[in-house]
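> Add chain Z to chain E, keeping to what the hints say.
What follows is each chain in one-letter form.
Number of protein chains: 2
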Amino acid sequence: MNERVDGRKLRFQHRRGEVLAAATEHALEQGLDDLSLRKVAHTAGVSHATLVHHFATKDRLVAEIVDRVLAETLAVRDLPQDDPLRALWRRATTDEGRRYVRLFIAITGRAMYGDPAVTEAVAASMRQRTELLAAGLVGYGCPEDQALSVATALLAGLRGLFVDLLTGTDEQRVHAAFEDLIDQLERRLAGWVASR
Amino acid sequence: MNERVDGRKLRFQHRRGEVLAAATEHALEQGLDDLSLRKVAHTAGVSHATLVHHFATKDRLVAEIVDRVLAETLAVRDLPQDDPLRALWRRATTDEGRRYVRLFIAITGRAMYGDPAVTEAVAASMRQRTELLAAGLVGYGCPEDQALSVATALLAGLRGLFVDLLTGTDEQRVHAAFEDLIDQLERRLAGWVASR
Numbered sequence: 001m002n003e004r005v006d007g008r009k010l011r012f013q014h015r016r017g018e019v020l021a022a023a024t025e026h027a028l029e030q031g032l033d034d035l036s037l038r039k040v041a042h043t044a045g046v047s048h049a050t051l052v053h054h055f056a057t058k059d060r061l062v063a064e065i066v067d068r069v070l071a072e073t074l075a076v077r078d079l080p081q082d083d084p085l086r087a088l089w090r091r092a093t094t095d096e097g098r099r100y101v102r103l104f105i106a107i108t109g110r111a112m113y114g115d116p117a118v119t120e121a122v123a124a125s126m127r128q129r130t131e132l133l134a135a136g137l138v139g140y141g142c143p144e145d146q147a148l149s150v151a152t153a154l155l156a157g158l159r160g161l162f163v164d165l166l167t168g169t170d171e172q173r174v175h176a177a178f179e180d181l182i183d184q185l186e187r188r189l190a191g192w193v194a195s196r
Numbered sequence: 001m002n003e004r005v006d007g008r009k010l011r012f013q014h015r016r017g018e019v020l021a022a023a024t025e026h027a028l029e030q031g032l033d034d035l036s037l038r039k040v041a042h043t044a045g046v047s048h049a050t051l052v053h054h055f056a057t058k059d060r061l062v063a064e065i066v067d068r069v070l071a072e073t074l075a076v077r078d079l080p081q082d083d084p085l086r087a088l089w090r091r092a093t094t095d096e097g098r099r100y101v102r103l104f105i106a107i108t109g110r111a112m113y114g115d116p117a118v119t120e121a122v123a124a125s126m127r128q129r130t131e132l133l134a135a136g137l138v139g140y141g142c143p144e145d146q147a148l149s150v151a152t153a154l155l156a157g158l159r160g161l162f163v164d165l166l167t168g169t170d171e172q173r174v175h176a177a178f179e180d181l182i183d184q185l186e187r188r189l190a191g192w193v194a195s196r
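Quick note, the sequences are listed as chains E and Z, same order. Position one of the first sequence corresponds to residue 1 (my numbering), numbered consecutively onward. Position one of the second sequence corresponds to residue 1 (my numbering), numbered consecutively onward.
No lab work stands behind these hints: they were computed from the structure. Even for Gly, the Cβ is constructed at its ideal location relative to N, Cα and C. No incorrect hints appear here.
If you anchor each label on the Cβ, the simulated ranges turn out as follows:
hint, chain 1, residue 1, chain 2, residue 2, range
1, Z, Y140, E, D170, 21 to 27 angstroms
2, Z, D59, E, Q81, 46 to 52 angstroms
3, Z, G168, E, T57, 19 to 25 angstroms
4, E, A56, Z, G141, 53 to 59 angstroms
5, Z, H175, E, D170, 27 to 33 angstroms
6, E, R60, Z, S36, 36 to 42 angstroms
Next comes chain E alone, as it looks inside the complex:
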């Protein structure tokens, strides 16, 4: 972090991040149903005015929670370069990871039923996740004109397996299916590298 930036702005951003973290924790525990700025303010231990100052509206706050949850579930940053998707899977299948995955699935469920604020936030966040993964795949040699399709199919597979995991499907079968998904991807990676 650049220490020379304006101190007041830093504190402001720091505070904003803390409030968003508390709001996300609220959603992880309570879900998005009946989420209100007043309830979040209470949980986060800040005033309603502070919340409005940082996020303006409930829709804006929900959009940021959505983006944070999707990023937490699907981010490949901070993962080992040599095997990022298995690391992502391991992280998502811990008890803490499953809390995020559960909210992630609930969020996409709401998006499907057309809560406009959520729908827009999910669409924007998923597009960004998909583009980041596509860029990563290009880095591994995936042809650019295939990268978005491959990334979309891969994220769809991961999301489907997340649902399996949380709906009580035999866990061993879900883990085996994940390994099958990764095994197929690795074969493609090898093909892309060979054809470079």
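Coordinates of chain Z only, in the frame set by chain E:
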């Protein structure tokens, strides 16, 4: 149909099927939230007693609706043998197909949050769907010890793409991702056939 079976039993089964169809239509329009035997009886134009006679409890009726919706969305029967998954995708992406897909996603969402009747029905129905697809894959030459993993990963991918389709993701990208999924499967099929 065997004309010589007991006529009363036939009428009974016929009537039961009609009532289940009407109850499913009710769920397609209204969702599973607030579904009650009385509301379904009203929509289906039968008495509450008739509904109880056929399905005993609301949980039992919901389980049958779940099974019917999953079967309708994921059944490969009645599909052309040479390209069943593309036919399934075409069926699921029509306006009528999307009604089923939407309820299917809503149902799995509820299963995740642990409505016990729904959870059990979804788990049983998904297991059956997966086993049927696995058996189909074995018919296409998939090694038996891989069939369940491949089927699980494939259904996960399809479900994920269904969600993409219904949450307003760029449709062209979703269709391209589906083609990528099928393209990969076809390569595996070719490999399985070659190694027989």
